[in-house]
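From first to last, the protein sequence lines stand for chains G and V.
For the first sequence, position 15 matches number 20 in the working numbering, and the numbering has no gaps at all.
For the second sequence, position 3 matches number 232 in the working numbering, and the numbering has no gaps at all.
One or more of the hints may lead you astray.
To be verified - Stretches of chain V that chain G covers, calculated by requiring three or more beta carbons in the stretch to come under 8 Å of a beta carbon on chain G: (1) 279-290; (2) 369-377; (3) 387-393; (4) 602-609; (5) 699-710.
Simulated from the structure, these hints should not be mistaken for lab results.
On a predicted model such as this, the values are computed, not experimentally measured, just so you know.
Note that CB positions come from ideal geometry on N, CA and C, so glycine has one too.
Each chain is listed here by its residues.
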Amino acid sequence: MCGIVGIINTDRIKIDGSYIREAIRIQNERGNGLGGGFAAYGIYPGHKDNYAVHIMYQGGKHSEIIKTVEAFLELRTKVHHSDEIPIFPTSTIPSGPYFKRYFVNPLKEQIPVGQSEDDAMVDIVMAINTMGDAYVISSGKDMGVFKGVGFPEDIADFFRIQDYKGYMWIAHNRFPTNTPGWWGGAHPFTILDKAVVHNGEITSYGTNKRWLEMFGYFCMLQTDTEVLSYIFDKLTRKDGLSVEDACFVMAPSLWEDIEYEKAEKKKLLRQLYGQVIVNGPFGIVLTHSGGAIVLNDRNKLRPVVCARVGSTYYASSEECSIRLLSPKVDALWSPRGGEAVIVDLAKEEVQ
Amino acid sequence: MSMKNNWKTIPPFHPEIDYARCDYKNGCTICAHECSWGEISLKPEKLDNGTMVYKPGANLTSCGSCQRCVKMCPYSAIHIVNSPMYTSHGYWTPDYVGNIVKQASSEGGVLMVGNGATGPQRRYFDHIMFDACQVTNPSIDPLREPMEIRTYLGRRPSKWDGEQYPLLKLEVPIMFGAMSFGALNLRVHEAEAKATSEVGTYWNTGEGGFHISLRESYGANTIVQVASGRFGVSEDYLKSAAAVEIKIGQGAKPGIGGHLPGEKVSREISETRMVPEGSDALSPAPHHDIYSIEDLRQLIYAIKETIEYKVPISVKIAAVHNVAAIASGIARAGADIIAIDGFRGGTGATPLQIRQNSGIPIELAIAAADERLRQEGIRNQVSLVASGGIQCSSDVLKAICLGADAVYVATPVLIALGCGMCQRCFTGKCAYGITTNKPGLAERIDVDEAAWALKNLLHAWAEEIEELMGSMGINAIEAMRGNRDRLRGVGLNEEELRILGIKHAGA
């Protein structure tokens, strides 16, 4: 199972984390206390041009790896600021790993010719993730992820997410099945500014993972969801696909329909990106600094409900989360399997 | 020549006729006519009422257990039995003893056989198990939900460029492997062409040319081969097909060429192969214009220029020790498809020692090649076709999970047409009319019936593949390719698991 919630305000009006805490808490039926997490956008306005790198050190505050990671960051980036991520142990989560955040920019002279700052940042994230015992939890600008093992409201209290204000929030309530419940394995999963929460199981994980490896993305977090943020990053940022095309690639139409529509571009996309098809049941909310996407598997084997209230858009596994925050809605609908709901903050439009 | 040492070879099989069931007294002599090997002869017998009839009997000279007489006897009066054991030695088995007797009694000679290797090497497919959905995700019923097994083969770019590359479209991820005109007769070629064009996949002509009568109707589903003998190769030939395959080697005889004896080179074969009638058609062991990878690149581009870059080029190699590095070189030399043929692959004729002792299993070869191409970031530049020992639909899907895009099957084609695996394809006496051009034998193949059988086979395997995919919760075959996560090994050691890239069961 698993539960997901997303709240997006297209006017970029910020709300604090207490709202999404309630929205995901009410779905505890969909989780089992082995994972909860949040991603928030717009929380670091003072550092909005720096990559906010949240790192989890499994070995704790005195872990040897911290020195290695920090030396590496000093070598490859300009660290504008760093501090511990504040935590507030509770009776339900008395302790956890050690979290730090670093506001950085890759050093220009270190970026290989032909690569962008984003490319360099992806390399840095992959390098840290493969060092062992240090895991980059998020690495986007003006956004951050807070996640761990516990029910989501306990994780929210552990990080006091009500102290952060963002215009876009996503949350996850985990019921792990195929992979272990550990702090790094909780959702959201991220790369740069892309974060994803996922309800389902990716049966194509092996294929997707090995395709990503060819392009320098390494899956180290033992959870299938990880591939989704990497696929989206590769497709939109590196290959220049539109968000719509990227969604099509992940959940394409049947060959039969492509042929019936005589959709030449769709045929080419599917021929090229066959190994990027995400198979198995899934409902996801994927956010990036430009907006959000809600996507279901082709067979619609997981629930997702969307709603609009003024300039706020909601997506949730259960309608109750939406009704809890806003008993009256302007629109409410269930997207069909394989049919993406795309919220574009720049154009203020929704498809 | 002294006859002293010319020991009689003891055939390992012979037919036994149950005369209580046999209808020879009413004039039936079907078995004797069906046997093309001269094993069953007819002896005149006078019945009590004075009628002369012919009684079939085994000659005990030349039975190879092709089972033709058994299958054709309307009275089920025949079965084939093993000859009694003629060696009591546990190490000196009849195979080894028999071969030595044969070689000692001829003035030198390489032992020839047909079909694939028979040795005891491990069949890795049997040690690989599929995953299945339980609880956490639903399996998919292919009878109720759409299930897609269409596959495209050919080169693709590493990122989106909006271009259409020349690709082969396979409605089932199974093609018919190369078997030449000459080794097979025209009827079998036509049946293969008909079946694949109706199902939506491809067949491969092998190295003996593409008969002019089939080109227009079936060219779109045909892969033509360019082998070291260059038989039948012309501009028209290259342009007549959906893809061109350069054959470097084949699993049943890595490192050696082919030999079609002059007596099999009839007028039609001579015209299609473009060699004189009645002359031996020899393909040299290497291509004499390819002594290195850069030469292969030149041939690939010479062909691409000829066909104006309209269709993909495949390069077929035998699975050998260094297959991964060779595959990488072929991809970089410009091939769009690489076909890798494991040591179990069949053939019409190969020296016994090569067949039994050269090459490596396809499971390991395809896994190693796929992994290497991915490490080098060039897997998208080529499609991989696995062949050589694919025996059933689960083998097909396992090969795809290990890294293949599709497979070639050829021995299953022969079996679907009747073949009893007697391994004497090179003799030209095939009792089923498959590997022979002899009038009277070749006519035993009815093109429509044979095409029907081949279509049945493709449909059956396709449905089984869909069942397997559905049980794993996957509805697009693209999501199976290289998906080693859904495989587990049983009874394999660490090195084998490492090469296959799979975990052991339980892990």
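Structure-based check of each hint:
1. For the region 279-290 of chain V, the stated coverage by chain G is violated: 0 residues have a C-beta nearer than 8 Å to a C-beta of that chain, whereas at least 3 were required.
2. Given a C-beta distance limit of less than 8 Å, the hint that chain G covers the region 369-377 of chain V holds, as 4 residues qualify and 3 suffice.
3. Closer than 8 Å: that is the beta-carbon criterion, and the region 387-393 of chain V has 6 residues meeting it against chain G, so the requirement of 3 holds.
4. Only residues whose C-beta sits within less than 8 Å of a C-beta in chain G count toward coverage, and the region 602-609 of chain V has 4 of them, enough to reach three; the restraint holds.
5. Interface restraint, the region 699-710 of chain V with chain G: holds (9 residues with C-beta to C-beta distance below 8 Å; minimum three).
Of the numbered hints stated above, the single one contradicted by the structure is hint 1.
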